[in-house]
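Undergrad: Letter by letter, the chains look like this.
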Amino acid sequence: MLRKIKRSGAGYVLPAVITVAVVMIYPLLYTLVMGFFNNTLFLEAPVFCGISQYKKLFEDKVFLGSITNTLVWTFGSVFFQFGLGFIMALILHQPFVKGKTLIRILLMIPWVTPSIIGSAVWKWMYNADYGIINFIFSSLGIIEKNQTWLSNPKIAMWSVIAVNTWKMFPFILLMIEASLQSVSKDLKEAAVIDGANVFGIFKNVTWPSIAATCYSTTLLMIIWTLNAFTFIYAMTEGGPAHKTEVMAMYIYKRAFMDYDFGIASAASAVLFALSMFVSLVYLYLTREKEGN
Amino acid sequence: MVKMKKSVTRTNIVWQICTYAILLLVILAAVFPAIWMLSTSIKLPTEQYDIPPQIIPDTPTLGNYVNVLTNSKMFDAFVNSIIITVSVVVITLLISILAGYGLSRYKFRGHGVLKIALLFGQMIPSVVIIIPLYFLVAKTGLLDTHFSLILADLALTIPMGVIMLSSFFETVPKELEEAAKIDGCTGIGALFRVVLPIAKPGLISVAIYTYIHAWEEFLFALNLSTSTKTRTLPIAIHMFAGEFAVDWGSTMAASAIVAFPVLLIFLSCNRYFVKGMADGAVKG
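Chains as they are written, first to last, in the UniProt record's numbering: chain A, 1 to 292; chain B, 1 to 284.
I should point out that these hints are in silico values taken from the structure, not numbers from a laboratory.
One thing to keep in mind: the hints can contain errors.
Once the Cα atoms are required to be at most 27 Å apart in a straight line, the calculated DSSO-like pairs of lysine-lysine come out as [what the hints assert, rightly or not]:
#	chain 1	residue 1	chain 2	residue 2
1	B	K139	A	K253
2	A	K123	B	K73
3	B	K200	B	K115
4	B	K181	B	K107
5	A	K100	B	K200
6	A	K56	A	K253
7	A	K253	B	K229
What the simulated footprint calls covered on chain A by chain B, stretch by stretch (three residues with Cβ under 8 Å from a Cβ of chain B suffice, anywhere in the stretch; the number is not a length) [unchecked claim]:
#	stretch
8	29-39
9	195-209
10	229-238
Built from N, CA and C at the ideal position, the CB exists for glycine as well.
Based on the provided sequences and hints, a complete structural model is requested.
TA: Listed below in structure tokens is the structure:
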């Protein structure tokens with residue numbers, strides 16, 4: 001038996017399998033099961049309660065609001081991250097641009113800066129009275145009076161999205177720029193000789209070779225943003241008036257502030273289902289790409 | 001013909017200037033928060049609130065750094081972060097080397113399932129696993145230990161590590177190990193003596209990736225660490241900022257101290273880092 005395991009190579013993956021089982025599979029299954037149990041700090045043992053937690057959850061206005069907030073947060077962030085990353089990749093890729101390595105390194109700084117540090121610095125820059133952002137914007141005449149960027153319910157979400165965009169666009173830029181390097185030069189030259197214009201070349205030569213990377217990076221970004229927690233926790237804690245309370249934040253608050261682990265588990269299951277849906281699309285698309 | 005060529009070069013120059021202008025603007029936006037952090041960290045409290053603000057203060061001071069470094073809580077947090085990060089990097093590398101090698105060289109039952117489970121593993125929200133993990137750790141009496149934080153971080157780093165390394169090992173020719181085995185090496189011996197030296201760039205990129213994740217991990221540390229005994233830097237910074245709500249100079253100095261090691265490693269190894277991410281994250 002032991003020898004059989006050894007020969008099959010399964011022994012090599014055993015430590016990884018055990019770790020993954022303990023820190024991922026077990027917690028995940030536990031969460032999914034706990035969604036059907038009443039489980040607060042005040043109960044001695046969890047009590048089975050069917051789908052009543054889910055009923056309660058979908059009657060909770062704050063939870064429903066958190067779904068909307070999650071969608072705004074995710075699609076808002078990814079839209080700007082991708083837009084900026086994509087355009088900057090095309091700009092940086094132009095052959096005449098000098099010092100590409102240095103530019104890449106400088107642009108990567110936001111991405112390697114720990115999120116909690118990014119939050120602290122931006123919080124200071126957003127400061128209503130002495131923040132540099134109010135100073136710059138009012139000197140440029142963009143705003144008339146100082147704004148409270150993180151505590152105004154109308155703009156708080158967009159202020160945090162701006163920080164998330166700042167942090168993540170370098171990643172997209174890098175991925176797209178790397179795939180632009182794989183675009184065939186011969187095809188491009190042939191298209192130029194045939195008299196194609198810039199847009200024609202982009203549509204018929206460049207896009208087909210970078211499309212797969214664009215799709216998969218976007219989906220990866222969607223998954224990461226759905227799960228992101230640090231920026232919102234550190235900058236607004238879900239406020240003002242639940243306006244930035246995304247699902248991850250909602251779950252955290254129910255579990256570790258209200259100690260209602262049952263409802264938090266049910267909400268986790270909903271968030272998990274959402275991420276899995278996106279992940280399946282991602283897997284489907286990357287598999288397609290490997291097939292090519 | 002000549003005329004046309006001339007107009008083309010002229011628009012080219014205009015476009016080149018535009019390109020550099022856009023690049024400069026975006027680089028400035030990307031780097032400015034770091035500059036502002038450093039600038040605030042060397043200002044006296046009285047200068048932090050100056051309007052108009054200055055990038056380089058009239059009387060630069062290291063007082064904020066002294067303030068942070070002599071704060072015993074911050075120092076303990078620094079030590080905790082180092083213990084946890086180093087352990088996570090070493091364990092992740094060991095486990096990922098073995099599993100990556102197993103996945104790239106052998107076909108066993110559950111081979112495909114494991115690969116997909118790892119891919120999905122990268123996508124499970126950490127907030128979904130923190131609640132049960134908290135209970136598990138509390139029940140086994142491991143709450144507020146370095147071990148529990150290290151274990152939790154592995155959930156984030158192992159899936160990515162295994163995926164990156166297995167795709168890396170696939171590029172190492174099998175013939176090399178076979179030759180080593182004929183010369184009397186065992187399977188594991190061949191892995192460590194022949195494959196790993198060739199796979200060095202892959203190992204470095206996994207190590208950097210793991211390091212950055214473990215160093216900045218926030219959610220697990222926030223819940224699994226309950227005292228200064230295990231508190232890591234990100235949590236300490238968050239609390240520090242709360243404690244000295246008005247002292248932005250010290251907060252920025254503390255931030256700079258946390259960001260510095262990451263930036264240093266990134267700047268010295270960015271070659272490996274960029275390539276590893278492109279191979280691991282998107283190709284899967």
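Undergrad: Need the status of pair K253 of chain A, K229 of chain B: alpha-carbon distance at most 27 Å?
TA: holds, 25 Å
Undergrad: Are K181 of chain B and K107 of chain B close enough, with their CA atoms no more than 27 Å apart?
TA: holds, 19 Å
Undergrad: For K56 of chain A and K253 of chain A, compute the direct alpha-carbon distance and say whether it is at most 27 Å.
TA: With Cα atoms ~16 Å apart, K56 of chain A and K253 of chain A stay inside 27 Å; holds.
Undergrad: Per the coverage rule (Cβ-Cβ under 8 Å, at least three residues), is the stretch 195-209 of chain A covered by chain B?
TA: violated (count 0)
Undergrad: Given the hinted pair K200 of chain B and K115 of chain B, is their Cα-Cα distance within 27 Å?
TA: holds, 23 Å
Undergrad: Do at least three Cβ atoms from the stretch 229-238 of chain A come closer than 8 Å to Cβ atoms of chain B?
TA: Since 4 is at least three, the answer is holds.
Undergrad: Given as covered by chain B, does the stretch 29-39 of chain A meet the bar of three residues or more with CB within less than 8 Å?
TA: With 3 residues close enough to chain B, the hint holds.
Undergrad: Please verify whether K123 of chain A and K73 of chain B have alpha carbons no more than 27 Å apart.
TA: Between K123 of chain A and K73 of chain B the Cα gap is close to 23 Å, so the pair holds against 27 Å.
Undergrad: Just to be careful, I want the Cα atoms of K100 of chain A and K200 of chain B compared with a cutoff of 27 Å; is the pair within it?
TA: Satisfied, since the Cα-Cα distance of roughly 25 Å is no more than 27 Å.
Undergrad: Is K139 of chain B within 27 Å of K253 of chain A, Cα to Cα?
TA: holds, 22 Å
Of the numbered hints stated above, the single one contradicted by the structure is hint 9.
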